[in-house]
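So the sequence lines, in the order shown, correspond to chains A and B.
Counting in my numbering, the first sequence tops out at residue 218, every number present.
Counting in my numbering, the second sequence tops out at residue 379, every number present.
The set of hints was computed from the structure by calculation and includes no laboratory data.
Hints may be right or wrong, so weigh each one.
In the EDC-like style, the derived pairs of lysine to aspartate or glutamate whose C-alpha atoms are separated by at most 16 Å in a straight line are [said to hold, decoys possible]: (1) K134/A - E102/B; (2) K223/B - E235/B; (3) K211/B - D196/B; (4) K184/B - D154/B; (5) K135/B - D114/A; (6) K303/B - E288/B; (7) K131/B - E117/B; (8) K135/B - D196/B; (9) K351/B - D324/B; (10) K131/B - E120/B; (11) K217/A - E136/B; (12) K214/A - E94/B; (13) K351/B - D300/B; (14) K214/A - E136/B; (15) K112/B - D154/B.
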Amino acid sequence: MNNLSIWQQLTEQSQMRWREVLEATSVHIQLVFFSMLIAIILGVFLGILVTRVPKLTTLVLGGTGVMQTIPSLALLGFMIPIFGIGVKTAIAALFLYSLLPIARNTYAGISDVDPATREAAKGMGMTSMQILFKVELPLAIPVIMAGIRTAAVINVGNATLAAFIGAGGLGDFIFLGITRGIDGLILLGAIPAALLAIILEVFFSSVERWTTPKGLKV
Amino acid sequence: MLKFENVSKVYDDGFKAVDSVSFEIPKGELLVLIGPSGSGKSTTMKMINRMQPHTSGKISINGKDNKSYVASDLRRGIGYVIQQIGLFPHYTIEKNISIVPELNGWSQEKIKPRVNELLELVGLDPKIYAKRYPKELSGGQQQRVGIARALASDPEIILMDEPFSALDPLTREQLQGELISLQKKLNKTIIFVTHDMDEALKMGDRIAIMKDGKLLQLDTPEKLLHEPAHGFVEEFIGKHRIIQNPELMPVIDIMSESVVTSLPQSSPEKAISLIRQRKITDLIIVDESKNLLGIVSAYDVIKKVNDIRTIEELMQPISHILQDTASAKDAIIMMDESPFGLIPIVDEENKVVGLVTRGSLLSALSSQWTETEVEVVAI
Ligand SMILES: Nc1ncnc2c1ncn2[C@@H]1O[C@H](COP(=O)(O)OP(=O)(O)O)[C@@H](O)[C@H]1O
Ligand SMILES: [Mg+2]
Chain A
1 MNNLSIWQQL TEQSQMRWRE VLEATSVHIQ LVFFSMLIAI ILGVFLGILV TRVPKLTTLV
61 LGGTGVMQTI PSLALLGFMI PIFGIGVKTA IAALFLYSLL PIARNTYAGI SDVDPATREA
121 AKGMGMTSMQ ILFKVELPLA IPVIMAGIRT AAVINVGNAT LAAFIGAGGL GDFIFLGITR
181 GIDGLILLGA IPAALLAIIL EVFFSSVERW TTPKGLKV
Chain B
1 MLKFENVSKV YDDGFKAVDS VSFEIPKGEL LVLIGPSGSG KSTTMKMINR MQPHTSGKIS
61 INGKDNKSYV ASDLRRGIGY VIQQIGLFPH YTIEKNISIV PELNGWSQEK IKPRVNELLE
121 LVGLDPKIYA KRYPKELSGG QQQRVGIARA LASDPEIILM DEPFSALDPL TREQLQGELI
181 SLQKKLNKTI IFVTHDMDEA LKMGDRIAIM KDGKLLQLDT PEKLLHEPAH GFVEEFIGKH
241 RIIQNPELMP VIDIMSESVV TSLPQSSPEK AISLIRQRKI TDLIIVDESK NLLGIVSAYD
301 VIKKVNDIRT IEELMQPISH ILQDTASAKD AIIMMDESPF GLIPIVDEEN KVVGLVTRGS
361 LLSALSSQWT ETEVEVVAI
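Can you make the complete structure from the sequences, with help from the hints?
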């Protein structure tokens, strides 16, 4: 079997395992989706929080930054004692990875709002909440979206590692391919994962464009 | 209407930016705050809507302490215009102007016509500009929107912090003129911060001069020019003296025609009564046909009243005289050397036709300048 060309391997494997691929893709998407969902909610919240409480800036952005420097596999390893083996651990680790780009971009997007705009908003009698929702967030949205896009694309790649801790996903094929020395099997996991990353990239790019206020584009 | 009582501001870093300032502004007045950079003008202005809360003293609006309001409520009732304009880039012009009425809970049916009315008021055609975004407008147009936005919910007080400083000179003059005519229509109470004396003299009903957090003098432009209360005020005004092409302005336009004259044979008693009555410092002496003979100082007459029979004995010759064909600039130059601080103006037959004093020179020049500018801009 190892004498077959890589394309023959791929064709053979996909004919044999296409159901499994679909299933793994679905698991993969779920891993990405849920980890991103939590990361977006918490990341945006943390990003906003540090613009309001400057003292927390170093702690939050530094802390999430450190998280990102831990190698993905090591992070997964650290998580096992807490969440055990499986999907929960994978989601927790993927979430921690995605947190920094989102929190950092939210913070940057809000900080970048022209101080004159903020001063005018305050001077006109907007409350802090009104300034946040009517002025700061709408103006920061493109930057926040860019952070989410970056996080999502990285997340798809990292999610392949979830297979190592038994959380499934497209990493299963890559893992299997490596241990059995079947390159076609590796591609069977890598190609859908890459496609998924490209699709997310394109999707969030258009969301980014779509949410950018018209007044900023003219 | 608006009252400051011993108001001070100490910033968190311990710096005292405003030092026990007291003043009162009646409704409908445009008060200019002027002074060098860092003198506390902006801080003084921002304490009114609590963008910078004061640390001691009391600020009251219509008798009510401004600390008794919720800050955002207070600000909603006061127009706010800043140098950097600060329009919301993600909102259309229409939406930018609607903000305060919306915050105040106006209905959309009421806001829409109000926006159009305001755009027209500041000289922007709603059909063209309502749906545009701030970036599509020039700086001058943006600040017009800034003013419209501040006027939107018809506040009694408007704060303007160097609103025209960032604009090119032509646009600046245009907007100054328009604000003056707008103010005539709307009769708002306006606090206008500037560092430009020309602008202050042009805009202000009264001008407050600040330095190092202290209010040095608050007076009408004329009073400031005539009677600067402080060496610094004099210097500050002097530095910015508002003389535009005085060489083109005939001296007869700025002279006073009601010259108090006396005959040389007049008695000192009669002269004193004239001096008191007309509140003058010097008496111009002429003959029966109004030919200029000399000058008698009021001080001398009062001192020597018992020693003389006629005031001719105290008469001194006048060396600094101008023909009625001279320009205002000639008067300005000569005034500096004139020992009496005044210059008689004579016609070709040496008859006295008018008098220029230091005071009349300054006030005539400043008001002349202001008036012509207003006319030019109002068309
Ligand atoms: N937020 C602040 N914290 C500390 N000092 C300030 C602050 N704002 C202004 N100042 C200081 O207060 C003084 C007056 O400032 P400001 O009122 O802005 O002056 P002006 O408007 O006359 O130029 C300046 O010396 C300035 O450095
Ligand atoms: Mg200032």
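Hint check:
At most 16 Å may separate the alpha-carbon atoms for a hinted pair to count; K134/A and E102/B meet this at roughly 12 Å. With a C-alpha separation of about 15 Å, the suggested pair K223/B and E235/B falls inside the 16 Å cut-off, and the hint holds. Of the pairs offered as hints, the one joining K211/B and D196/B holds, with about 14 Å between alpha carbons and a cut-off of 16 Å not exceeded. Straight-line distance between C-alpha atoms of K184/B and D154/B comes to about 15 Å, which keeps the hinted pair within the 16 Å bound.
About 14 Å separates the Cα atoms of K135/B and D114/A, which keeps this hinted pair within 16 Å; it holds. For the proposed pair K303/B and E288/B, the alpha carbon gap of about 27 Å is over 16 Å, so the pair is violated. For the suggested pair K131/B and E117/B, the alpha carbons sit about 15 Å apart, so the restraint of at most 16 Å is met. Using a Cα cut-off of 16 Å, the hinted pair K135/B and D196/B is violated, with the two alpha carbons roughly 27 Å apart.
Restraint check for K351/B and D324/B: satisfied, since their Cα atoms lie roughly 10 Å apart, inside the 16 Å limit. Between the alpha carbons of K131/B and E120/B the distance comes to roughly 14 Å, so the proposed pair stays at or under 16 Å and holds. The straight-line distance between the Cα atoms of K217/A and E136/B is roughly 11 Å, inside the 16 Å bound, and the hint therefore holds. Of the pairs offered as hints, the one joining K214/A and E94/B holds, with about 14 Å between alpha carbons and a cut-off of 16 Å not exceeded.
Proximity of K351/B to D300/B is assessed by CA-CA distance (about 25 Å); at most 16 Å being required, the pair is judged violated. Restraint check for K214/A and E136/B: satisfied, since their Cα atoms lie roughly 12 Å apart, inside the 16 Å limit. Straight-line distance between C-alpha atoms of K112/B and D154/B comes to about 15 Å, which keeps the hinted pair within the 16 Å bound.
In this structure, the hints that do not hold are numbers 6, 8 and 13, in rising order.
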